[in-house]
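S.K.: Spelled out from the first residue to the last, the chains are:
There are 2 protein chains.
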Amino acid sequence: MNQYQMRLEKLFDWMAQESITLAVFEDTEGRRDRTIRHLTGQPGDALLLLSLDRKTVLVPWDINMAKVYAHADMIIPYSEFERLPCKAIAVVAEMLGIPAGSKIEIPPVTPYPLFLNYVGKLTDFDILCRERGLSAEARKIRAVKDDEEIKIYRKAAAVTNALIGLLEKNVRSGKIKTEADAALLIEVEARRHGCEGTGFETLAAGPGRSFGIHAHPAWTDSPFAGPGLSILDFGVRLAGYTTDVTLTFVREASPRQEKIAGLVEKAAKLAFSMAGNGTAARSIALAVEELFARAKKRMPHALGHGIGLEEHEYPAINSRSDNEWKIEPGMVFTLEPGLYDPLHGGCRLENDILMTETGPELLTEARTIRL
Amino acid sequence: MNQYQMRLEKLFDWMAQESITLAVFEDTEGRRDRTIRHLTGQPGDALLLLSLDRKTVLVPWDINMAKVYAHADMIIPYSEFERLPCKAIAVVAEMLGIPAGSKIEIPPVTPYPLFLNYVGKLTDFDILCRERGLSAEARKIRAVKDDEEIKIYRKAAAVTNALIGLLEKNVRSGKIKTEADAALLIEVEARRHGCEGTGFETLAAGPGRSFGIHAHPAWTDSPFAGPGLSILDFGVRLAGYTTDVTLTFVREASPRQEKIAGLVEKAAKLAFSMAGNGTAARSIALAVEELFARAKKRMPHALGHGIGLEEHEYPAINSRSDNEWKIEPGMVFTLEPGLYDPLHGGCRLENDILMTETGPELLTEARTIRL
Chain A
49 MNQYQMRLEK LFDWMAQESI TLAVFEDTEG RRDRTIRHLT GQPGDALLLL SLDRKTVLVP
109 WDINMAKVYA HADMIIPYSE FERLPCKAIA VVAEMLGIPA GSKIEIPPVT PYPLFLNYVG
169 KLTDFDILCR ERGLSAEARK IRAVKDDEEI KIYRKAAAVT NALIGLLEKN VRSGKIKTEA
229 DAALLIEVEA RRHGCEGTGF ETLAAGPGRS FGIHAHPAWT DSPFAGPGLS ILDFGVRLAG
289 YTTDVTLTFV REASPRQEKI AGLVEKAAKL AFSMAGNGTA ARSIALAVEE LFARAKKRMP
349 HALGHGIGLE EHEYPAINSR SDNEWKIEPG MVFTLEPGLY DPLHGGCRLE NDILMTETGP
409 ELLTEARTIR L
Chain B
49 MNQYQMRLEK LFDWMAQESI TLAVFEDTEG RRDRTIRHLT GQPGDALLLL SLDRKTVLVP
109 WDINMAKVYA HADMIIPYSE FERLPCKAIA VVAEMLGIPA GSKIEIPPVT PYPLFLNYVG
169 KLTDFDILCR ERGLSAEARK IRAVKDDEEI KIYRKAAAVT NALIGLLEKN VRSGKIKTEA
229 DAALLIEVEA RRHGCEGTGF ETLAAGPGRS FGIHAHPAWT DSPFAGPGLS ILDFGVRLAG
289 YTTDVTLTFV REASPRQEKI AGLVEKAAKL AFSMAGNGTA ARSIALAVEE LFARAKKRMP
349 HALGHGIGLE EHEYPAINSR SDNEWKIEPG MVFTLEPGLY DPLHGGCRLE NDILMTETGP
409 ELLTEARTIR L
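Protein chains in written order, with the numbering used here: chain A, 49 to 419; chain B, 49 to 419.
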């Protein structure tokens, strides 16, 4: 059994338990869902239909791409269905002999007007669209990495750490002078190490722009790592999986800047020390927010998040009252405390952690670098 | 009146006509909507609420960023509402004194389970979530560029054309040898010309990879513009607006490769010649598909699309039976016929067109380059 079949088995079992006869996943512009890559290898732009009798039907935009990458029992180009999801589902349901009255589960991100369209057109079936359905189940599975995925993460972390070392060296030597110098080095070196590229648009913000959580634009020709606080947030994507780290470079810090940097380092240590097996993710986020509140500071984003085929996956690591995630072995996630001052600039320290049976393992070596 | 106020006026008028008391836009991960940038200047991650009495309330994740970029009557950080959209809407509705029983319109991309959540929590109001509501109205307005936007597009096209020239020159001289050489040149030169960066991930696919519509990975260290067909698809983003062009480099083409390239050029000419004022976009796409069908070929994607703050905007330019878009003055859109052969590689020719009162104007100079 290959890794795709192993992942599918869990979902087929769940479908049987819930009497779902046909389930639909959709990876399309505006509604990206890397679960299709997780289950078939197809890198993007497709519908995936799973049937209770354990058949997989992939409906890709790009049939040539699917022939290279995808594992599925049947592959039918989306153009056969005018690229209309309702039509694809209706035809595939008929092909597979799905009986009238069956439950068909569609993605929980289906917009309400499209949901009405499904219900109106697929009148023979019972259409389910729910937060805690098969898609959530697939995301729970994705939140706990299997051996294949952990192997990839160890390699991706090694590349990331090599890059962190090189970035520090080149900033210290003066070879990196601008945001662009840093961002382009990452683009080139990630691929030189066998990665698909970066996991997301690199954010390189020199002292003049580090006040923003996500610098806009992402990187420019302006100076990097000059006096003040400079943020560099990047990840490398290896075989689909992205790392996600943030370094802050500190040069000739004012007392306020040093205070921000010190608090963020303290928060990162606290968060890591709390990340035990079975810990409620929310409690870690609350503890960090409490630490910042005591210093009259406020973090304007979540403490962390799972990583994987998407840049933001489960577990959720934030203080929202609806966050019920617990840290479990196999989870790979970031912790990224950050503080941002409109005048003095921002500081974020983000590392990737693998939870093992014996505790958290720091995969990456991001740090606050004082120049 | 600045450009933001001018754009808002049209939406406020529409709200009055439809008796919408409060309207919500959302730009968030998984549900990007650049309408918020169009209406306020805020580059991303925010809720925007418009009230019938012509107030704008922006709820950004990043308050520091909003202070720099956003134009709005009120700006309240999203963290005040635990980053929960229902909570934000409830509190803002109360602040603005929205009477019970009022119509509140939420985005048409709202997932069905979230829609139920809104309806369950905002019981005092009539919640509207519809395909052809205010959001569609905003996208219709965005489909026709105003003077400010056309000015930006002329500049962005000039940068794009300078890049096309440089790419051709450097491929011919042998300075560009790999996909990475081409992609990195675009990253650097776009910014050197004052752009925010690229409009989307550059796709550079040498002869071994051009069979895919969207090469995966987007670009690598492999050879570019060697014998066969190589595709280069890129855009530059200036002040938020992206161009989108595709060049194909042809070297030592086999008869089949030359046939593909020739057909695509013929299709591009046909499409441009048909793009008149008032023309149904669908009819152009059908004509190109007919041309390809006569040669026993099939294009696996849409013929084109509007461009703007997003890479794919309205008008839709495809042959889907539900496509009712007509070409109008002020529209900026791409035409991008393409054919892809799993063995011989692919060819796409994409240019950006501005429709003027007197006919289509070719903004960009992408071409099939025979080496």
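There's no promise every hint is true.
Because identical chains share one entry, a pair is satisfied inside a single copy or across any pair of copies.
[Said to hold, decoys possible] PhoX-like mimics (lysine-lysine), calculated; alpha carbons at most 25 Å apart, straight line:
| # | residue 1 | residue 2 |
| --- | --- | --- |
| 1 | Lys103 | Lys135 |
| 2 | Lys151 | Lys115 |
| 3 | Lys374 | Lys223 |
| 4 | Lys374 | Lys188 |
| 5 | Lys307 | Lys58 |
| 6 | Lys344 | Lys103 |
| 7 | Lys135 | Lys345 |
| 8 | Lys115 | Lys307 |
| 9 | Lys115 | Lys344 |
| 10 | Lys203 | Lys225 |
I should point out that these hints are in silico values taken from the structure, not numbers from a laboratory.
S.K.: Hint by hint, say whether it matches the structure.
M.R.: Now the hints, each set against the structure:
1. For the identical chains of this complex, lysine 103 and lysine 135 are intra-copy neighbours only, at 19 Å inside a copy versus 42 Å across copies, given an alpha-carbon limit of 25 Å.
2. Proximity of lysine 151 and lysine 115 under a CA criterion of 25 Å is satisfied in neither setting, with 30 Å inside one chain copy and 49 Å between copies.
3. Taking the shortest Cα distances, lysine 374 and lysine 223 never come within 25 Å of each other, neither inside one copy (43 Å) nor across copies (52 Å).
4. For the homomeric pair lysine 374 and lysine 188, the shortest alpha-carbon distance inside one copy (11 Å) is at most 25 Å, but the shortest distance between copies (44 Å) is not.
5. In the homo-oligomer, the alpha carbons of lysine 307 and lysine 58 never lie at most 25 Å apart, since the shortest distance is 48 Å inside one protomer and 48 Å across protomers.
6. With identical chains, the CA atoms of lysine 344 and lysine 103 are never at most 25 Å apart, being 56 Å at best within one copy and 32 Å at best between copies.
7. When the C-alpha separation of lysine 135 and lysine 345 is checked against a cutoff of 25 Å, the pair qualifies only between copies, where the shortest distance is 23 Å, while the shortest distance within a copy is 52 Å.
8. Only between protomers do lysine 115 and lysine 307 lie at most 25 Å apart by alpha-carbon distance; the minimum there is 23 Å, versus 55 Å within a single protomer.
9. Taking the shortest Cα distances, lysine 115 and lysine 344 sit within 25 Å of each other only across copies (21 Å), while inside one copy they are farther apart (56 Å).
10. In this homomeric assembly, lysine 203 and lysine 225 never come within 25 Å of each other (Cα to Cα): the closest approach is 29 Å inside a single copy and 28 Å across copies.
In this structure, the earlier hints numbered 2, 3, 5, 6 and 10 are contradicted, and the remaining ones agree with it.
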